[in-house]
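Produce the complete structure using the sequences and hints provided.
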Amino acid sequence: FWYVSLVACYRNGTEDNCTWRDSSKEKLNIDYDIWLANGNPYGPHRNPFEFQLSFDQQGTVEMYLVLLGLYLILVPLQVYAAVHQHHHVTRLYTASLALQLQFVLCSVIHMVKFAVDGEGIEVLCIVGDVMHLFAQSLFMLLLLLLAKGWAITRTELTWKPVLFCVWLLYTCVGVLLYVWNMTEVDVIDDIDEYQTFPGWIILIFRLAIMVWFLYELRSTMLDENDRAKLRFYVHFGAGILVWFVYLPVVALIALQISALWRAKLLLGITSSADFLAYAIMAHLLWPTRSEQYFQLASESDPGEELEEFNEAPHNVPRPQKV
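So that you can map any letter, position 63 of the sequence shown is 63 in UniProt numbering, and since no number is skipped, the others follow by simple counting.
In short, the hints are calculated from the structure, not lab data. Ideal placement from N, C-alpha and C gives every residue a C-beta, glycine not left out. Some hints here could point you the wrong way.
[Unchecked claim] Straight-line alpha carbon distances no greater than 20 Å define the calculated DMTMM-like cross-link-like pairs of lysine to aspartate or glutamate that follow:
1. K264 / E216
2. K229 / E216
3. K229 / E156
4. K113 / D129
[What the hints assert, rightly or not] Here are the computed distance ranges between Cβ atoms for each label pair:
5. I126 / R91: 49 to 57 Å
6. V249 / L36: 18 to 26 Å
7. F55 / L214: 35 to 43 Å
8. I257 / F197: 14 to 22 Å
9. Y215 / E119: 23 to 31 Å
10. P76 / I204: 36 to 44 Å
See below:
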(Lines of atoms letter the chains of each structure in order from A and count residues from 1; the text may use other names and numbers.)
(Lines give C-alpha, C1' and ligand atoms only; values in the text may rest on other atoms or scores of the structure.)
Protein backbone atom coordinates (compact mmCIF):
# COMPACT_ATOMS: atom_id res chain seq x y z
CA PHE A 1 0.00 0.00 0.00
CA TRP A 2 1.19 3.48 -0.83
CA TYR A 3 0.36 6.54 1.30
CA VAL A 4 1.00 10.02 -0.15
CA SER A 5 0.62 13.35 1.66
CA LEU A 6 0.45 16.58 -0.40
CA VAL A 7 0.88 19.90 1.42
CA ALA A 8 0.47 23.35 -0.16
CA CYS A 9 3.82 24.80 1.01
CA TYR A 10 7.49 24.82 0.10
CA ARG A 11 10.81 25.14 1.89
CA ASN A 12 12.35 28.59 2.14
CA GLY A 13 15.57 29.17 4.03
CA THR A 14 19.24 28.41 4.38
CA GLU A 15 20.90 25.20 5.41
CA ASP A 16 21.06 26.37 9.02
CA ASN A 17 17.47 27.56 9.21
CA CYS A 18 14.93 25.79 7.00
CA THR A 19 11.38 27.03 7.28
CA TRP A 20 8.19 26.21 5.39
CA ARG A 21 6.34 28.92 3.54
CA ASP A 22 2.62 28.65 2.93
CA SER A 23 1.68 28.72 -0.72
CA SER A 24 -2.06 28.12 -0.41
CA LYS A 25 -2.84 31.74 -1.32
CA GLU A 26 -1.00 31.52 -4.60
CA LYS A 27 -3.06 30.44 -7.60
CA LEU A 28 -1.16 27.64 -9.28
CA ASN A 29 -2.34 24.99 -11.73
CA ILE A 30 -0.16 21.91 -11.42
CA ASP A 31 -0.32 18.89 -13.70
CA TYR A 32 1.45 15.88 -12.25
CA ASP A 33 1.88 12.20 -13.02
CA ILE A 34 3.19 10.11 -10.13
CA TRP A 35 4.47 6.56 -10.63
CA LEU A 36 5.07 4.74 -7.36
CA ALA A 37 7.27 1.70 -7.77
CA ASN A 38 9.35 -0.64 -5.64
CA GLY A 39 12.97 0.07 -6.44
CA ASN A 40 14.46 2.28 -9.10
CA PRO A 41 12.65 1.65 -12.42
CA TYR A 42 15.54 3.28 -14.28
CA GLY A 43 18.30 1.31 -12.59
CA PRO A 44 20.73 -0.82 -14.62
CA HIS A 45 19.54 -4.07 -13.00
CA ARG A 46 15.82 -3.35 -13.04
CA ASN A 47 13.24 -6.13 -13.12
CA PRO A 48 9.94 -5.04 -14.72
CA PHE A 49 8.05 -7.79 -12.85
CA GLU A 50 8.81 -6.24 -9.45
CA PHE A 51 7.89 -2.55 -9.70
CA GLN A 52 4.19 -2.98 -8.89
CA LEU A 53 4.55 -5.81 -6.37
CA SER A 54 5.34 -5.57 -2.70
CA PHE A 55 8.47 -7.29 -1.46
CA ASP A 56 6.59 -10.33 -0.14
CA GLN A 57 5.16 -10.91 -3.66
CA GLN A 58 8.23 -10.14 -5.73
CA GLY A 59 9.27 -13.26 -7.60
CA THR A 60 5.80 -14.81 -7.76
CA VAL A 61 5.37 -13.84 -11.42
CA GLU A 62 8.46 -15.84 -12.35
CA MET A 63 7.19 -18.78 -10.26
CA TYR A 64 3.86 -18.82 -12.09
CA LEU A 65 5.58 -18.60 -15.48
CA VAL A 66 7.80 -21.59 -14.68
CA LEU A 67 4.78 -23.48 -13.37
CA LEU A 68 2.83 -22.71 -16.54
CA GLY A 69 5.67 -24.07 -18.66
CA LEU A 70 5.72 -27.32 -16.67
CA TYR A 71 1.96 -27.84 -16.98
CA LEU A 72 2.07 -27.05 -20.70
CA ILE A 73 4.40 -30.03 -21.01
CA LEU A 74 2.44 -32.37 -18.73
CA VAL A 75 -1.09 -31.66 -19.99
CA PRO A 76 -0.52 -32.58 -23.69
CA LEU A 77 1.16 -35.80 -22.59
CA GLN A 78 -1.83 -36.68 -20.43
CA VAL A 79 -4.27 -35.80 -23.22
CA TYR A 80 -2.39 -38.23 -25.46
CA ALA A 81 -2.67 -40.90 -22.77
CA ALA A 82 -6.38 -40.19 -22.25
CA VAL A 83 -7.07 -40.68 -25.95
CA HIS A 84 -5.71 -44.23 -25.70
CA GLN A 85 -7.47 -45.03 -22.40
CA HIS A 86 -11.23 -44.97 -22.06
CA HIS A 87 -11.91 -45.26 -18.35
CA HIS A 88 -13.35 -43.08 -15.59
CA VAL A 89 -10.03 -43.08 -13.71
CA THR A 90 -8.20 -41.49 -16.61
CA ARG A 91 -11.02 -39.05 -17.32
CA LEU A 92 -11.20 -37.96 -13.69
CA TYR A 93 -7.46 -37.37 -13.52
CA THR A 94 -7.43 -35.52 -16.85
CA ALA A 95 -10.28 -33.26 -15.70
CA SER A 96 -8.43 -32.40 -12.49
CA LEU A 97 -5.23 -31.69 -14.41
CA ALA A 98 -7.08 -29.49 -16.91
CA LEU A 99 -8.61 -27.44 -14.08
CA GLN A 100 -5.17 -27.06 -12.53
CA LEU A 101 -3.80 -25.76 -15.83
CA GLN A 102 -6.63 -23.22 -16.07
CA PHE A 103 -5.84 -22.05 -12.54
CA VAL A 104 -2.17 -21.50 -13.40
CA LEU A 105 -3.06 -19.78 -16.68
CA CYS A 106 -5.49 -17.38 -14.98
CA SER A 107 -2.92 -16.62 -12.29
CA VAL A 108 -0.22 -15.90 -14.88
CA ILE A 109 -2.45 -13.51 -16.85
CA HIS A 110 -3.53 -11.68 -13.69
CA MET A 111 -0.01 -11.40 -12.24
CA VAL A 112 1.63 -10.31 -15.50
CA LYS A 113 -0.99 -7.61 -16.03
CA PHE A 114 -0.65 -6.55 -12.40
CA ALA A 115 3.11 -6.28 -12.85
CA VAL A 116 2.52 -3.99 -15.83
CA ASP A 117 -0.23 -1.64 -14.63
CA GLY A 118 -0.60 -2.37 -10.91
CA GLU A 119 -4.24 -3.42 -11.28
CA GLY A 120 -4.43 -6.86 -12.86
CA ILE A 121 -7.69 -8.68 -13.54
CA GLU A 122 -9.26 -9.42 -10.18
CA VAL A 123 -12.16 -11.40 -11.64
CA LEU A 124 -9.75 -13.66 -13.49
CA CYS A 125 -7.81 -14.22 -10.28
CA ILE A 126 -10.99 -15.32 -8.48
CA VAL A 127 -11.94 -17.64 -11.36
CA GLY A 128 -8.48 -19.20 -11.17
CA ASP A 129 -8.81 -19.77 -7.42
CA VAL A 130 -12.17 -21.50 -7.93
CA MET A 131 -10.60 -23.70 -10.61
CA HIS A 132 -7.85 -24.61 -8.16
CA LEU A 133 -10.40 -25.56 -5.49
CA PHE A 134 -12.23 -27.94 -7.83
CA ALA A 135 -8.97 -29.34 -9.21
CA GLN A 136 -7.81 -30.24 -5.70
CA SER A 137 -11.23 -31.67 -4.88
CA LEU A 138 -11.30 -33.96 -7.93
CA PHE A 139 -7.72 -35.03 -7.27
CA MET A 140 -8.62 -35.95 -3.69
CA LEU A 141 -11.57 -38.02 -4.96
CA LEU A 142 -9.30 -39.83 -7.41
CA LEU A 143 -6.83 -40.72 -4.65
CA LEU A 144 -9.56 -42.14 -2.42
CA LEU A 145 -11.01 -44.19 -5.28
CA LEU A 146 -7.63 -45.70 -6.12
CA ALA A 147 -6.91 -46.38 -2.45
CA LYS A 148 -10.09 -48.46 -2.35
CA GLY A 149 -8.77 -50.45 -5.30
CA TRP A 150 -11.27 -49.19 -7.83
CA ALA A 151 -10.41 -50.36 -11.38
CA ILE A 152 -7.42 -52.31 -10.04
CA THR A 153 -8.51 -54.86 -7.45
CA ARG A 154 -12.24 -54.20 -7.28
CA THR A 155 -14.80 -53.31 -9.91
CA GLU A 156 -17.43 -52.21 -7.37
CA LEU A 157 -16.97 -49.67 -4.60
CA THR A 158 -17.94 -50.28 -1.00
CA TRP A 159 -19.36 -47.58 1.26
CA LYS A 160 -20.14 -45.26 -1.64
CA PRO A 161 -22.31 -42.83 0.41
CA VAL A 162 -19.57 -42.41 3.02
CA LEU A 163 -16.92 -41.82 0.38
CA PHE A 164 -18.85 -39.16 -1.50
CA CYS A 165 -20.09 -37.47 1.68
CA VAL A 166 -16.51 -37.12 2.96
CA TRP A 167 -15.39 -35.82 -0.42
CA LEU A 168 -18.27 -33.32 -0.58
CA LEU A 169 -17.56 -32.15 2.96
CA TYR A 170 -13.88 -31.61 2.12
CA THR A 171 -14.89 -29.53 -0.90
CA CYS A 172 -17.30 -27.42 1.14
CA VAL A 173 -14.67 -26.74 3.80
CA GLY A 174 -12.24 -25.64 1.08
CA VAL A 175 -14.84 -23.23 -0.32
CA LEU A 176 -15.56 -21.94 3.19
CA LEU A 177 -11.86 -21.25 3.75
CA TYR A 178 -11.63 -19.31 0.50
CA VAL A 179 -14.75 -17.22 1.22
CA TRP A 180 -13.47 -16.54 4.75
CA ASN A 181 -10.16 -15.24 3.43
CA MET A 182 -11.86 -13.06 0.83
CA THR A 183 -14.41 -11.49 3.19
CA GLU A 184 -13.25 -11.71 6.81
CA VAL A 185 -9.45 -11.50 6.76
CA ASP A 186 -8.05 -8.00 6.31
CA VAL A 187 -5.40 -7.86 3.61
CA ILE A 188 -3.07 -5.88 5.90
CA ASP A 189 -3.14 -8.55 8.63
CA ASP A 190 0.10 -10.43 9.11
CA ILE A 191 -1.46 -13.91 8.70
CA ASP A 192 -1.90 -16.47 5.97
CA GLU A 193 -4.92 -18.63 5.18
CA TYR A 194 -3.76 -21.49 7.43
CA GLN A 195 -3.60 -19.25 10.51
CA THR A 196 -7.37 -18.80 10.52
CA PHE A 197 -10.05 -20.96 12.10
CA PRO A 198 -11.26 -22.45 8.77
CA GLY A 199 -7.61 -23.08 7.86
CA TRP A 200 -7.09 -25.16 11.00
CA ILE A 201 -10.25 -27.12 10.23
CA ILE A 202 -9.16 -28.00 6.70
CA LEU A 203 -5.68 -29.04 7.91
CA ILE A 204 -7.18 -31.35 10.54
CA PHE A 205 -9.66 -32.67 7.99
CA ARG A 206 -6.84 -33.30 5.53
CA LEU A 207 -4.92 -35.33 8.13
CA ALA A 208 -8.06 -37.33 8.94
CA ILE A 209 -8.56 -38.13 5.24
CA MET A 210 -4.90 -39.14 5.04
CA VAL A 211 -5.41 -41.68 7.85
CA TRP A 212 -8.49 -43.03 6.08
CA PHE A 213 -6.53 -43.15 2.82
CA LEU A 214 -3.80 -45.27 4.45
CA TYR A 215 -6.39 -47.57 6.05
CA GLU A 216 -8.19 -48.17 2.74
CA LEU A 217 -4.89 -48.67 0.91
CA ARG A 218 -3.72 -51.24 3.47
CA SER A 219 -7.04 -53.07 3.29
CA THR A 220 -6.83 -53.16 -0.51
CA MET A 221 -3.26 -54.47 -0.47
CA LEU A 222 -4.27 -57.30 1.88
CA ASP A 223 -6.87 -58.43 -0.66
CA GLU A 224 -4.44 -58.28 -3.58
CA ASN A 225 -2.10 -61.11 -4.63
CA ASP A 226 -0.78 -59.85 -7.95
CA ARG A 227 2.80 -58.57 -7.61
CA ALA A 228 2.48 -55.92 -10.31
CA LYS A 229 -0.58 -54.45 -8.62
CA LEU A 230 1.07 -54.59 -5.20
CA ARG A 231 4.08 -52.77 -6.63
CA PHE A 232 1.74 -50.10 -7.96
CA TYR A 233 0.09 -49.67 -4.56
CA VAL A 234 3.49 -49.25 -2.88
CA HIS A 235 4.64 -46.58 -5.34
CA PHE A 236 1.25 -44.91 -5.31
CA GLY A 237 1.04 -44.80 -1.52
CA ALA A 238 4.59 -43.55 -1.03
CA GLY A 239 4.27 -40.76 -3.56
CA ILE A 240 0.82 -39.55 -2.56
CA LEU A 241 1.53 -39.73 1.18
CA VAL A 242 4.02 -36.88 0.70
CA TRP A 243 1.24 -34.86 -0.94
CA PHE A 244 -1.01 -35.38 2.07
CA VAL A 245 1.63 -34.52 4.66
CA TYR A 246 3.38 -31.54 3.13
CA LEU A 247 0.63 -28.95 3.67
CA PRO A 248 0.29 -29.31 7.49
CA VAL A 249 4.08 -29.37 7.83
CA VAL A 250 4.53 -26.27 5.68
CA ALA A 251 1.74 -24.48 7.56
CA LEU A 252 3.58 -25.07 10.84
CA ILE A 253 6.91 -23.95 9.40
CA ALA A 254 5.31 -20.81 7.98
CA LEU A 255 4.49 -19.68 11.52
CA GLN A 256 8.21 -19.17 12.11
CA ILE A 257 8.86 -17.41 8.80
CA SER A 258 8.79 -13.64 8.41
CA ALA A 259 5.83 -12.20 6.53
CA LEU A 260 8.29 -10.84 3.98
CA TRP A 261 9.07 -14.38 2.80
CA ARG A 262 6.02 -16.39 3.89
CA ALA A 263 3.85 -15.93 0.78
CA LYS A 264 6.65 -16.91 -1.59
CA LEU A 265 7.53 -19.93 0.57
CA LEU A 266 3.94 -21.21 0.63
CA LEU A 267 3.46 -20.63 -3.09
CA GLY A 268 6.73 -22.31 -4.05
CA ILE A 269 6.28 -25.42 -1.90
CA THR A 270 2.57 -25.95 -2.53
CA SER A 271 2.89 -25.44 -6.28
CA SER A 272 5.88 -27.78 -6.51
CA ALA A 273 4.18 -30.47 -4.42
CA ASP A 274 0.97 -30.28 -6.47
CA PHE A 275 2.84 -30.55 -9.76
CA LEU A 276 4.92 -33.46 -8.44
CA ALA A 277 1.74 -35.29 -7.39
CA TYR A 278 0.19 -34.78 -10.82
CA ALA A 279 3.39 -35.94 -12.51
CA ILE A 280 3.48 -39.10 -10.37
CA MET A 281 -0.11 -39.93 -11.29
CA ALA A 282 0.60 -39.30 -14.97
CA HIS A 283 3.52 -41.72 -14.73
CA LEU A 284 1.46 -44.40 -12.99
CA LEU A 285 -1.49 -44.01 -15.36
CA TRP A 286 0.60 -44.03 -18.53
CA PRO A 287 -0.84 -46.59 -21.01
CA THR A 288 2.27 -48.79 -21.23
CA ARG A 289 2.35 -49.11 -17.44
CA SER A 290 -1.31 -49.09 -16.45
CA GLU A 291 -2.20 -52.01 -18.70
CA GLN A 292 -0.18 -54.23 -16.34
CA TYR A 293 -2.47 -53.70 -13.39
CA PHE A 294 -5.36 -51.39 -14.31
CA GLN A 295 -8.69 -52.62 -15.58
CA LEU A 296 -8.68 -49.95 -18.28
CA ALA A 297 -10.41 -50.17 -21.62
CA SER A 298 -8.05 -49.24 -24.44
CA GLU A 299 -8.44 -48.93 -28.14
CA SER A 300 -7.81 -52.19 -29.95
CA ASP A 301 -7.80 -53.32 -33.54
CA PRO A 302 -11.07 -55.13 -34.43
CA GLY A 303 -9.07 -57.37 -36.74
CA GLU A 304 -7.00 -58.65 -33.82
CA GLU A 305 -10.15 -59.49 -31.85
CA LEU A 306 -11.57 -61.38 -34.85
CA GLU A 307 -8.33 -63.31 -35.25
CA GLU A 308 -8.34 -64.27 -31.55
CA PHE A 309 -11.97 -65.36 -31.88
CA ASN A 310 -11.20 -67.58 -34.87
CA GLU A 311 -8.30 -69.19 -33.00
CA ALA A 312 -10.44 -69.99 -29.99
CA PRO A 313 -10.81 -73.74 -29.18
CA HIS A 314 -14.54 -73.80 -29.80
CA ASN A 315 -13.96 -72.48 -33.34
CA VAL A 316 -11.41 -75.10 -34.41
CA PRO A 317 -12.95 -77.00 -37.39
CA ARG A 318 -13.77 -80.60 -36.55
CA PRO A 319 -13.34 -83.48 -39.06
CA GLN A 320 -16.56 -84.46 -40.75
CA LYS A 321 -17.72 -88.09 -40.60
CA VAL A 322 -18.22 -89.79 -43.96
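We went through each hint and held it up to the structure:
1. K264 / E216: violated, 35 Å
2. K229 / E216: holds, 15 Å
3. K229 / E156: Between K229 and E156 the Cα gap is close to 17 Å, so the pair holds against 20 Å.
4. K113 / D129: Holds. K113 to D129 sits at ~17 Å (cutoff 20 Å).
5. I126 / R91: 49 to 57 Å: At 27 Å between Cβs, range violated.
6. V249 / L36: 18 to 26 Å: violated, 38 Å
7. F55 / L214: 35 to 43 Å: Check passed, 40 Å falls within 35 to 43 Å.
8. I257 / F197: 14 to 22 Å: holds, 21 Å
9. Y215 / E119: 23 to 31 Å: violated, 49 Å
10. P76 / I204: 36 to 44 Å: holds, 37 Å
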